[in-house]
Each structure stands twice: as C-alpha cells, then as structure tokens.
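Sequence order for the protein chains is A and B.
When you line the first sequence up against this note's numbering, it's residues 1 to 90, in that order.
When you line the second sequence up against this note's numbering, it's residues 1 to 90, in that order.
Among these hints, one or two may not hold up.
Since the list can't tell identical chains apart, any single copy or any two copies may satisfy a pair.
Simulated pairs of lysine to aspartate or glutamate, DMTMM-like, Cα-Cα distance not exceeding 25 angstroms [to be verified]:
1) K11 x D49
2) K11 x D58
3) K41 x D75
4) K41 x E20
5) K41 x D16
6) K41 x E81
No lab work stands behind these hints: they were computed from the structure.
2 protein chains.
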Amino acid sequence: MTRVVVDVMLKPEILDPQGEAVVRALPRLGASTVTGVRIGKRIELDFADGTDEQTMRDQANTIADALLANPVIEDFTIRVESDAEPEPAQ
Amino acid sequence: MTRVVVDVMLKPEILDPQGEAVVRALPRLGASTVTGVRIGKRIELDFADGTDEQTMRDQANTIADALLANPVIEDFTIRVESDAEPEPAQ
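Chain A on its own, in the form it takes in the complex (with noise of 0.2 angstroms):
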C-alpha cells in the first residue's frame, strides 16, 4: 500500500474565520508566539501496492480537483509518502 496525501488549504487571500477563532483563544492557552492559524483538510488516499507513481499523482490531481477542493477557493498540494505500514498478508 502506499499512501498519497492531498493538502487543501484555503487560499491565502481567502478569510479563515475557524483559523481566526484559534487565534483569539491563545492567550487563554499562553501560546504567545503565535502570529496566525490557518484551518484546511488533509486527505489521505490509499493505493493498491504495485501502481505506478506517475499513475497516482494523475489519480490525486483528479480526485482533488473533482472531489476534494473548491478551486475558487482552496489549492491542494499532493505527496507521495514512501512509509507506508507493511500491509497484513492476504
């Protein structure tokens, strides 16, 4: 199995009132040194072993583009991750 995480974060022109709303609870928390908060999603996609990396990206980009992220807001970043867990014998 390896696994392709898909990064969707709002644009950066774009408001982020659930990031805004952490930022006013810090200093409840004593967290100071922080100067902004950003809130998006991370998808992770699981691929069956043996497909191809170039495959998955193309298969990423699609799925973000189709299902994952508003493109008049958001952009997404993709990352093949190499450590996958070994996957149970079947």
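Position chain B against the provided structure of chain A, taking the given hints into account.
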C-alpha cells in the same frame, strides 16, 4: 516566521463516513487503484521569528490538545516546516 503543521486524523478504529463517501465516488472518476480514503484536518501555526523549536513544539502540542483535536476519536502529529517563506520587511 516559522510554520508548525499539526495534522489531526481520526484514529484508525474510528469510521470515517466522509472518506467512505469519497471512495464510493471514485469509480466514476476512473481511480480504480485507490483502496482507502481518510479525511482529517491540517492546521498551520505560524510562530514569530526567533521562537526556539522546543517552545514551538510544546506550544503546538498544548494548542492541538486543547483546541484542535478531540483526543477521544482523533490523533495528531506535529512537525516543524523549515521552508517558510521570507517575511516581508517590517
């Protein structure tokens, strides 16, 4: 500015209906080699320049535990990203 990323994912034993919905939509997109999808959160915390790494990790841990993750159903991981963009002159 240094960025710390907190990834919050549902624990492996917790069902992820949102991820399952994506899996069910994949055949329409021709993504036949995807075996599983998990959807979580990615939170970017920006720290002021000069904060030492251990302080950032400790504060990120406190913030994640108190505000970002529900420890009953979610796990989180923390990593420091060193490739932060140069900050505009101030």
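Hint check:
Proximity of K11 to D49 under the C-alpha cut-off of 25 angstroms is restricted to the inter-copy arrangement: shortest distance 23 angstroms between copies versus 33 angstroms within a copy. For the homomeric pair K11 and D58, the shortest alpha-carbon distance inside one copy (22 angstroms) is at most 25 angstroms, but the shortest distance between copies (28 angstroms) is not. When the C-alpha separation of K41 and D75 is checked against a cutoff of 25 angstroms, the pair qualifies both within a copy, at 11 angstroms, and between copies, at 15 angstroms. Taking the shortest alpha-carbon separations for K41 and E20, both the intra-copy value of 16 angstroms and the inter-copy value of 16 angstroms come in at or below 25 angstroms.
Proximity of K41 and D16 under a CA criterion of 25 angstroms is satisfied in both settings, with 13 angstroms inside one chain copy and 14 angstroms between copies. Both within a single protomer and between protomers do K41 and E81 lie at most 25 angstroms apart by alpha-carbon distance, with minima of 17 angstroms and 17 angstroms respectively.
In summary, the structure agrees with every hint in the numbered list given earlier.
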